[in-house]
Amino acid sequence: METSDVPRIPLQVSRNCVVASIQIDLSEEVLQQFRTDLLELLHTSGADGVILDVSGVDVLDVEDFQALKATTEMAALMGARTILSGLRPGVVSALVELDADIEGIEATLNLDEAFRAMEAIRPYGEQAEPAELNDRLEPDVDYNDEQDDPFADRF
2 METSDVPRIP LQVSRNCVVA SIQIDLSEEV LQQFRTDLLE LLHTSGADGV
52 ILDVSGVDVL DVEDFQALKA TTEMAALMGA RTILSGLRPG VVSALVELDA
102 DIEGIEATLN LDEAFRAMEA IRPYGEQAEP AELNDRLEPD VDYNDEQDDP
152 FADRF
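Numbering (my numbering), first residue to last: 2 to 156.
I should point out that these hints are in silico values taken from the structure, not numbers from a laboratory. Among the clues, some could well be false.
[As the list claims (entries may be wrong)] The calculated label-pair distances, taken between Cβ atoms and stated as ranges, are:
(1) V7 x A121: 20 to 26 Å
(2) A121 x Q33: 18 to 24 Å
(3) D38 x D62: 20 to 26 Å
(4) I122 x S5: 18 to 24 Å
(5) R16 x A77: 24 to 30 Å
(6) G47 x D26: 30 to 36 Å
(7) S5 x A121: 24 to 30 Å
(8) R16 x L110: 31 to 37 Å
(9) A121 x M79: 18 to 24 Å
(10) M79 x E120: 28 to 34 Å
(11) T45 x L99: 18 to 24 Å
(12) D113 x S5: 31 to 37 Å
For every residue, glycine included, the Cβ atom is placed at its ideal position computed from N, Cα and C.
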């Protein structure tokens with residue numbers, strides 16, 4: 002099957018995370034194309050998170066799960082944290098019963114929780130506290146005194 006004939010998993014960048022919404026049947030070709038697309042988007046976007054939304058997946062066998070896990074490990078090597086979102090109860094049950102290797106997998110019930118989990122480790126808009134800024138200032142300089150300001154005459 003040619004690359005152009007392989008169905009693609011849609012990817013988008015939101016809140017510095019690559020979000021993959023998996024709504025199609027997985028095959029070796031689809032998973033390989035997904036891996037290529039995901040890693041390339043991680044590289045070009047600089048995103049530091051990946052959310053795999055698998056809420057549209059009714060059946061996930063151990064081999065496909067292991068392929069997804071390998072992709073998450075590759076993303077981790079590129080500095081991205083990965084969360085699986087929306088695993089269905091039947092899928093979870095089957096994976097555990099089939100003794101799939103779930104170690105290291107971080108999962109949430111839905112996409113909103115996945116974004117909250119990502120934000121919990123890297124809050125957006127966080128600014129240094131005033132005490133932290135003061136620690137960076139020179140202790141013997143009065144920054145309100147124009148005499149100590151080397152740029153005072155320029156304004």
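Quick rundown of the hints versus the structure:
Distance hint for V7 and A121: a CB-CB separation of about 35 Å, inconsistent with the stated range 20 to 26 Å. Range check, A121 to Q33: Cβ separation about 32 Å, and the 18 to 24 Å hint is violated. Distance hint check for D38 and D62: the Cβ-Cβ separation is about 22 Å, which falls inside the suggested range of 20 to 26 Å. Separated by about 38 Å at the C-beta atoms, I122 and S5 break the suggested range of 18 to 24 Å.
Here the CB-CB span from R16 to A77 is close to 19 Å, at odds with the stated 24 to 30 Å. Here the CB-CB span from G47 to D26 is close to 31 Å, well matched to the stated 30 to 36 Å. Between S5 and A121 the Cβ separation comes to about 39 Å, which falls outside the hinted range of 24 to 30 Å. With their beta carbons about 18 Å apart, R16 and L110 fall outside the hinted range of 31 to 37 Å.
Here the CB-CB span from A121 to M79 is close to 21 Å, well matched to the stated 18 to 24 Å. M79 and E120 have their C-beta atoms about 20 Å apart, which leaves the hinted 28 to 34 Å range violated. T45 and L99 have their C-beta atoms about 36 Å apart, which leaves the hinted 18 to 24 Å range violated. The hinted range of 31 to 37 Å is satisfied by D113 and S5, whose Cβ atoms lie roughly 34 Å apart.
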